[in-house]
Amino acid sequence: MLKIEAILQPSKLDAVKDALLEAGIEGMTILEARGHGRQKGHTEFYRGREYTVDLLPKVKIEVVVTDDMKEKAIAAIGSAARTGRIGDGKIFVSRIEEAIRIRNDERGETAL
Amino acid sequence: MRSRIFLLLLLPALLGYSASLFAQTPASPLAAQAPATQAQIAQLQQAVQNAQSAGDNAWMLVSAALVLLMTGPGLALFYGGLVRKKNILGTMMQSFAMMGLVTVIWAVVGYSLAFGHGNGFIGGFEHLFLRGVGLTPNADYAPTIPEQTYMIYQLMFAIITPALITGAFAERMKFSSMAVFLSAWSLLVYSPMAHMVWGVGGLLNSAGGRFPSLDFAGGTVVHVTSGVSALVTCLYLGKRIGYPHTNMPPHSMVLSFIGACLLWVGWFGFNAGSALGASSLATSAFVNTHFAAAAAAISWSIAEWIHNGKPTALGAISGAVAGLVAITPASGFVQPMAALAIGLFAGLVCFFMVFMVKSFFGYDDSLDAFGVHGAGGTLGALLTGLFATRLINPAFGKDAPTGALDGHWGQLFNQSAGVAIAWAISIAGTLVLLFLVDKTMGLRLSAEEENAGLDLSQHNEEGYDLNS
Numbered sequence: 001m002l003k004i005e006a007i008l009q010p011s012k013l014d015a016v017k018d019a020l021l022e023a024g025i026e027g028m029t030i031l032e033a034r035g036h037g038r039q040k041g042h043t044e045f046y047r048g049r050e051y052t053v054d055l056l057p058k059v060k061i062e063v064v065v066t067d068d069m070k071e072k073a074i075a076a077i078g079s080a081a082r083t084g085r086i087g088d089g090k091i092f093v094s095r096i097e098e099a100i101r102i103r104n105d106e107r108g109e110t111a112l
Numbered sequence: 001m002r003s004r005i006f007l008l009l010l011l012p013a014l015l016g017y018s019a020s021l022f023a024q025t026p027a028s029p030l031a032a033q034a035p036a037t038q039a040q041i042a043q044l045q046q047a048v049q050n051a052q053s054a055g056d057n058a059w060m061l062v063s064a065a066l067v068l069l070m071t072g073p074g075l076a077l078f079y080g081g082l083v084r085k086k087n088i089l090g091t092m093m094q095s096f097a098m099m100g101l102v103t104v105i106w107a108v109v110g111y112s113l114a115f116g117h118g119n120g121f122i123g124g125f126e127h128l129f130l131r132g133v134g135l136t137p138n139a140d141y142a143p144t145i146p147e148q149t150y151m152i153y154q155l156m157f158a159i160i161t162p163a164l165i166t167g168a169f170a171e172r173m174k175f176s177s178m179a180v181f182l183s184a185w186s187l188l189v190y191s192p193m194a195h196m197v198w199g200v201g202g203l204l205n206s207a208g209g210r211f212p213s214l215d216f217a218g219g220t221v222v223h224v225t226s227g228v229s230a231l232v233t234c235l236y237l238g239k240r241i242g243y244p245h246t247n248m249p250p251h252s253m254v255l256s257f258i259g260a261c262l263l264w265v266g267w268f269g270f271n272a273g274s275a276l277g278a279s280s281l282a283t284s285a286f287v288n289t290h291f292a293a294a295a296a297a298i299s300w301s302i303a304e305w306i307h308n309g310k311p312t313a314l315g316a317i318s319g320a321v322a323g324l325v326a327i328t329p330a331s332g333f334v335q336p337m338a339a340l341a342i343g344l345f346a347g348l349v350c351f352f353m354v355f356m357v358k359s360f361f362g363y364d365d366s367l368d369a370f371g372v373h374g375a376g377g378t379l380g381a382l383l384t385g386l387f388a389t390r391l392i393n394p395a396f397g398k399d400a401p402t403g404a405l406d407g408h409w410g411q412l413f414n415q416s417a418g419v420a421i422a423w424a425i426s427i428a429g430t431l432v433l434l435f436l437v438d439k440t441m442g443l444r445l446s447a448e449e450e451n452a453g454l455d456l457s458q459h460n461e462e463g464y465d466l467n468s
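Taken in order, these protein sequences are the chains called A and B. In terms of this note's numbering, the first sequence opens at residue 1 and continues consecutively. In terms of this note's numbering, the second sequence opens at residue 1 and continues consecutively.
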């Protein structure tokens, strides 16, 4: 089992969610997040005073999938979220040791 | 005067009515010319007066409500959106507190000191506890509306003026000290200034004062006094912790936007209401008010567009407020094209004050109370002397020129005298009060309180609790 975490532009959330559903991934968790990458935010002007906003609003989406779904999920997220410009976000993949369905104590991939 | 003209217009109608009565009897045609009796004329005159009084009173009560709308919610939202979110309630409370405190002070003594008969500088005590301020008109001020209407209308000005100052010391003054300071300010600075400009026998009164200055709705009385006092206060108090290196952006431009638009609407009561009746002069002030706001919103936006590359929402609404401030003294004296010019200038001058002058000197006029109200009020008062014309308002008597372009260049001196006195009384009065309150109660929050924000440290509340 793998956890795929993607940090996205908030405006891309709906497109990514739909792409994941279409790829057959049904469970997901969405977190509102703030952060920055190499670009370090942007500047705003209020009455001529410049403010640096370095932590921008982002959305983090988490899905846990079986190993064979890895590339399909990455492709779904990547193609839906990509604009080609700075700030499109990142995808991280990590291994999950165990999954437990709380309702009936199912374990492993059947719990996904 | 107007009532007599109205009477003249009505007389033929009355005569025509009596003529039709006579027509039923075969009397000689001469009988139809029989003049109305004295009693009928008196009755008619009274009816006309009552009608005018009703019309004027309706407009003045609405105007009073519009001016209160400027303080809460208008100014409270405008300032509230511009501070950081930990200070929103405290900031709004500063405006709201004036709605309570100044009202009580006004009823007890403020109105009397502003509009009682005193000397050239301040009114007397004859209206203490509103003694003698009843439902009949006071011919000294507004002969067609109950004096209580005039009193409550003027009260709304007395409320917003100290509330404007709060923008300069945002996010760092103790609530208790603020309440004492601004209450005393309304007696020591506002009432005398209102008396000098508008009160009977006032030094600056346009009708018979030593320096007859033109201030239709409070360019000096409201905006110069509040703006200059704001500058003095922020200099005395010092900067907010972290200013100017820490980010302190407005936390909600949406609130500020709504607030500024409410200010614009309320300003019709402020300026057009200052005609003190539902007259054509009110129309003139209404049109000028709107024109100046629009022109200033545009000129500030263009200046910002050129200077910073983009026009901002905050720039547009700040420009509109600057235009409204500048047209305030001029609104009942100038023609619409002059109002456009005043707005245009005001947007540019206030932009310059806020963008360049403030950062050059480095004072922390947090929400630009001085840059907009002090500068805009001073500019407007001077331009009133330039553009005022007897065609709109023969303030100095029939056929006497009013402003410089009308042929009365000396008015520029009178306007300057009004501005100078407003600056002087504001600086002196504010310094004295700040010093006294500082030595007895302390003005500033502790660093810990300032970091926690006004809402928690002064009121034990939070403006936003989105988790509950």
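Keep in mind that a hint or two might mislead.
[Unchecked claim] Simulated crosslink set (BS3-like; lysine-lysine; CA at most 27 Å straight-line):
no., chain 1, residue 1, chain 2, residue 2
1, A, 60, A, 72
2, A, 40, B, 85
3, A, 70, A, 60
4, B, 174, A, 60
5, A, 40, B, 439
[As the list claims (entries may be wrong)] Quick list of simulated restraints, FRET-style, between CB atoms:
no., chain 1, residue 1, chain 2, residue 2, range
6, A, 43, B, 461, 30 to 36 Å
7, A, 27, B, 175, 22 to 28 Å
8, A, 107, B, 468, 33 to 39 Å
9, B, 244, A, 106, 38 to 44 Å
10, A, 33, B, 420, 52 to 58 Å
11, A, 72, B, 244, 49 to 55 Å
12, A, 36, B, 359, 24 to 30 Å
13, A, 36, B, 428, 27 to 33 Å
Just so you know, these hints were derived from the structure itself, not from any lab. Nothing here was measured: the structure is a model prediction, and the numbers come from that model. A virtual CB, placed ideally from N, CA and C, is assigned to each residue, including glycine.
Each hint, compared with the structure:
| no. | hint | verdict |
| --- | --- | --- |
| 1 | 60/A with 72/A | holds (18 Å) |
| 2 | 40/A with 85/B | holds (24 Å) |
| 3 | 70/A with 60/A | holds (18 Å) |
| 4 | 174/B with 60/A | violated (41 Å) |
| 5 | 40/A with 439/B | violated (46 Å) |
| 6 | 43/A with 461/B: 30 to 36 Å | holds (33 Å) |
| 7 | 27/A with 175/B: 22 to 28 Å | violated (51 Å) |
| 8 | 107/A with 468/B: 33 to 39 Å | holds (38 Å) |
| 9 | 244/B with 106/A: 38 to 44 Å | violated (58 Å) |
| 10 | 33/A with 420/B: 52 to 58 Å | holds (57 Å) |
| 11 | 72/A with 244/B: 49 to 55 Å | holds (51 Å) |
| 12 | 36/A with 359/B: 24 to 30 Å | holds (27 Å) |
| 13 | 36/A with 428/B: 27 to 33 Å | violated (50 Å) |
In this structure, the earlier hints numbered 4, 5, 7, 9, 13 are contradicted, and the remaining ones agree with it.
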